[in-house]
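So the protein sequences, as listed, match chains A, B and C.
Following our numbering, the numbering of the first sequence begins with 148 at its first residue and continues without gaps.
Following our numbering, the numbering of the second sequence begins with 87 at its first residue and continues without gaps.
Following our numbering, the numbering of the third sequence begins with 4 at its first residue and continues without gaps.
By construction, these hints were calculated from the structure, which means they are not laboratory data.
Hints are not guaranteed to be accurate.
[Unchecked claim] Cross-link-like lysine-lysine pairs, in silico, BS3-like; alpha carbons within 30 Å at most: (1) Lys89(C) with Lys5(C); (2) Lys753(A) with Lys872(A); (3) Lys133(B) with Lys5(C); (4) Lys94(C) with Lys722(A); (5) Lys75(C) with Lys872(A); (6) Lys273(B) with Lys133(B); (7) Lys498(A) with Lys5(C).
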Amino acid sequence: MNNLSEQANREREAQLEHVWGNLPGWGALAAVNHTSIGFRFMATGMAFFLIGGVLAMLIRTQLALPEQDIIGASLYNQIFTMHGTVMMFLFAIPVLEGVAMYLVPKMIGTRDLAFPRLSALGYYCYLFGGVIILSSLVLEVAPDAGWFMYTPLSSNTYSPGPGSDFWLLGITFVEISAISAGVELVVSILRTRANGMSLNKMPIFCWYILAMALMIVFGFPPLILGSVLLELERAAGFVFFEISGGGDPLLWQHLFWMFGHPEVYIIFLPAAGIVSTLIPVFARHPLVGYRWVVLGIITMGFISFGLWVHHMFTVGIPQLAQAFFSIASMLVAIPTAIQIFAWLATLWQGKVVFHLPMLWIAGFLIVFVCGGLTGVMLALVPFNWQVHDTHFVVAHMHYVLVGGMLFPLIAGFYYWLPHVSGRMPSDKMGRWGFWLFFGGFNITFLLMHLTGLLGMPRRVYTYEAGLGWDWLNLVSSIGGFIMAIGVAVIIVDIVLHFRFGRRAEQNPWGADTLEWAIPMPVNAYNFSSMPDITTRHPMWERPELVESIAAGEHDLAEVQNLRRDIYGSDAVTGKVREVIHLPTNSWLPLLTAAVLAVVCVSLLVKVYLIALVAAVVALLLVLRWGWENGAHPRAAPVRADDPVDPPLHSRTCDGPGLWGMVISLMANGTLYVSLLFGWFYLWTAAPQWSTPETSPLALIPLAVSGALLALAVSIYRIAVSRLRKGNDGSLSLQLWAVSAIGLTHWCLLGWVLKTSSLQPTELAHDAVLAVALYYLLLHSGLAVIFTALQALRVKLGYVGARVPYEPIVIQAFWVYTLGVFWLSFAMFLLLPMAWGA
Amino acid sequence: MLSPAGPNALSAAWLWWGMFGWFTLVLVVVIALWLYAIRRAPEPVSKARARQVQNRWILWGGLVLPITSMAVILAFGVPAGHRMLPLPLAEGKALRINVTAHQWWWEVHYPDSDITLKDELHVPAGVPLDLHLTSADVIHSFWVPRLGGKLDMLPGRTNVLRLQADEPGTYRGQCAEFCGTQHAHMKFTITAYSPEDYQTWLRQEAGNE
Amino acid sequence: MKPSPFHPVNLVLGLIIWALWFVLLYGGLSVGCAFVPPDTEAGAWTWINAASLIAALIVSSYLLVCAYGCWKAPSLAQATDAEPLKAFISKTSAAVYLVSAFASMMLALPGAILPPCI
């Protein structure tokens with residue numbers, strides 16, 4: 148390469164850096180880049196981990212000796228509640244999302260995630276939500292009903308303070324971030340892989356993340372629904388979980404665990420993905436049984452949704468029903484065992500080089516297998532009746548969660564450190580950290596199994612002497628502090644390495660995946676040019692990629708019109724289909740999250756007017772955000788030199804936005820199905836369920852309203868199908884007509900609600916019905932607004948025959964709204980009438 | 087629960103020891119295999135041979151091992167669980183006691199003799215008990231580790247727990263579902279008597295009423 | 004109506020059927036016990052248990068048929084079709100169907116010995 152072209156290449160890369168980089172100074176807060184956001188998730192998650200760890204140390208201090216009163220009952224209850232909440236919601240999931248956000252685009256050979264601004268919004272929602280939750284601890288009004296918030300203990304009567312509200316509102320806020328990350332990761336993995344990276348050539352880590360992200364999409368909505376319902380009960384007196392009036396506290400348990408059990412696997416899957424990535428690298432042998440492992444991942448993802456009742460074996464459910472869940476719980480051991488033995492076989496066939504990350508992988512194996520085996524024990528109903536809610540369970544879940552998540556996570560941290568810093572971690576100090584942590588962990592929790600078997604329940608702030616629990620608790624506490632020292636050593640080690648670590652060479656571990664083709668430390672755009680992928684192990688089979696990518700020998704090497712461009716590819720074959728133009732740095736995510744935080748806080752202090760105003764402002768911000776899209780001058784205005792083969796995604800009928808919409812609707816649909824579940828559950832199981840004599844709603848106006856909705860949707864569909872054929876004549880008029888009809892439908896629906904005789908504070912039946920109506924109103928209202936804006940955009944030339952994309956995305960939302968309306972009509976109104984007759 | 091004093095606790099303890107033994111073996115073997123696999127430096131083998139070895143690991147370890155373990159565990163566990171249920175007795179009648187949980191104490195009522203107690207139960211040894219459990223406020227859970235499994239006490243519902251104390255003695259019980267500030271102090275005792283002593287106790291209580 | 008054995012939906016369809024079956028089984032049991040509870044003296048020999056076992060047989064056999072179809076598909080297809088991606092999808096799908104068939108059957112088995120509603 149001569150000097151001239153080297154100079155040109157440097158200029159090319161400077162331009163890439165200019166387009167993809169963050170704004171300087173405080174402008175970094177407007178960053179949307181996945182590397183920055185991923186880091187922030189991880190750093191914030193680690194900060195919360197340390198806070199959760201301090202809380203754990205307080206717990207172990209209080210329990211070290213019998214009959215101590217260092218902390219006191221009420222503070223202790225806040226502390227253990229917050230320990231669980233912080234570790235599960237503010238550490239485990241976000242930190243893994245951060246890892247996934249950082250790695251996935253680099254592994255699949257692209258420059259960013261599909262919805263960069265959504266990642267930024269997710270981060271700020273997480274940060275603000277976490278701060279709100281933690282502030283309750285500082286104000287000494289932290290939630291104290293346990294991290295699963297069982298009603299009626301968490302209801303107004305028995306928890307009158309704001310503690311439970313902090314939990315419910317804060318967690319719901321944080322979950323916006325989880326779901327947005329879920330949607331984004333699914334779409335990114337499916338639609339933005341490097342050219343030629345078909346499903347069977349995808350790095351195994353991405354299979355894990357794909358499964359995790361889909362599980363978030365289906366797993367979190369039940370808890371969001373439960374939190375909304377419980378908050379409505381606490382704040383507005385609606386009946387959902389109160390026995391009198393026809394509610395049922397068990398409904399909360401169902402909704403909570405429908406989320407809570409999949410969550411354990413949401414945490415485990417990405418960690419197992421790290422294991423599956425590291426083992427082949429250190430064994431110098433491809434992962435054995437790739438297809439088996441994929442089978443294991445898919446099976447695990449599904450079966451983990453069928454286990455939730457095993458947290459409820461002692462509530463008095465018929466034994467046959469318990470047996471179903473017992474068996475499903477054991478079935479999940481099969482995909483786990485498949486993975487364990489696939490890893491074993493990989494090590495068996497390979498020649499292992501043993502570095503620090505492998506030590507943590509070995510620790511993972513020992514701890515996790517132990518936790519998995521006690522898990523199978525717990526799945527056995529009669530044994531569960533004995534040890535449920537004892538320290539045996541506490542020990543089991545720490546083995547599973549720390550073993551199944553923290554050990555692989557630290558292995559991964561050490562493994563990818565050179566990627567981030569360009570330096571190698573210290574082997575010696577790292578070993579000290581490992582042995583202190585591993586030893587301390589087992590001292591704490593191995594004996595805790597026995598504590599539980601000897602009858603010590605969980606969540607007691609003290610215990611009497613002489614029951615045989617004294618020495619066990621003391622030893623556990625000592626182990627806990629050893630573990631804490633281990634954590635400190637690890638942190639010091641990682642911090643010091645940024646300064647003193649040995650410079651790393653390119654691809655220092657000899658890995659096979661594409662993220663190591665990037666210069667270290669990382670730049671803003673990952674790949675200076677985007678290679679085709681023909682193998683599952685690009686760095687083993689084509690090590691020359693490092694140079695050729697840097698030299699700009701592959702695709703999209705030049706920046707076009709200062710746009711952030713990546714490839715969109717086919718979900719199955721990975722063949723390039725379009726060029727996706729991504730949005731650039733923006734303050735909107737931060738602003739939106741800040742306004743949402745205002746909503747959250749004003750709900751907490753019960754100033755509903757401000758909450759309403761802030762919610763409207765948040766909606767306006769989101770609409771503004773959506774406005775700068777497609778052919779908008781700040782996005783990708785139509786130009787004569789638009790690329791044609793492949794075209795820009797906003798010029799096609801199928802881009803990442805449509806996928807994002809469909810995946811979001813899946814999450815939304817799960818929320819709705821959870822509500823339906825609640826309806827049928829209360830109907831069949833609540834001890835005092837009652838139905839009013841006459842329907843509280845005017846049925847005929849409601850049906851007319853539904854007919855109007857159907858009319859609006861059919862006109863919309865006709866307009867879109869004409870648009871697809873390239874015909875945008877009178878498109879604006881059609882869209883205005885749809886909005887007008889939709890608005891009439893919305894007003895009629897609102898009128899039905901207003902004139903109804905619903906008594907949601909008296910009857911659970913009416914409370915559920917009211918929520919369903921609010922849900923329908925919200926959807927119809929949003930659809931009307933979206934469509935009116937589309938009509939405006941047609942006028943401005945942002946949407947039309949050459950840019951047909953956006954109306955197609957919104958069509959999915961209309962169809963969903965229509966479906967939900969009539970399903971609700973049938974399930975909430977017609978079915979009870981037919982049953983009654 | 088490791089020193090069982092009733093039939094339910096006994097079978098749970100047996101299940102525990104059985105699973106403990108088998109799973110310890112599994113754990114040790116899996117870890118040993120892994121460590122050996124890490125140390126091992128294999129000779130290069132043919133592709134077909136490698137495939138055969140891989141499939142063997144995954145089939146035996148990933149499928150056969152968990153499925154047979156599951157089958158054995160369930161074969162013992164499901165009938166054991168079934169026997170713990172309050173099924174109709176072949177002969178005789180179970181003694182019915184109603185227990186209502188409050189924050190943070192236990193209200194004990196004997197419907198047959200109309201005796202009401204607080205935080206203590208007195209029962210005849212060797213006789214099956216049907217405890218009708220409910221709650222006046224939040225969710226609690228009734229648990230006597232040495233006699234058998236726990237059962238939740240829910241407001242608005244009544245659950246029936248079958249227990250039996252084989253020998254006279256005093257057994258400690260405690261609330262097992264977190265129920266608020268003083269959850270740790272929500273305890274009770276079950277005193278089991280020989281049949282004669284139980285009759286004496288009954289007469290005494292009736293006299294006190 | 005049936006998707007081609009090479010369609011990626013097969014990767015999840017088996018387990019979706021399993022999930023629906025689970026919902027049906029659990030929901031059906033709850034509703035059955037709430038509205039038409041069988042005699043508790045009858046033990047496991049009730050219409051609820053019989054219906055669930057028969058339904059399990061039907062569901063599992065259907066899934067087995069699907070598994071067989073997906074397994075055979077790559078060798079039946081013409082040589083041009085038998086590329087690795089297609090084989091990957093259909094063989095993995097076959098395994099998913101097989102697992103689903105097994106799991107569907109397992110779920111219903113305790114119905115053979117346990118009474119339904121206590």
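Fill in: Contradicted hints - numbers only
2, 3, 5, 6 and 7
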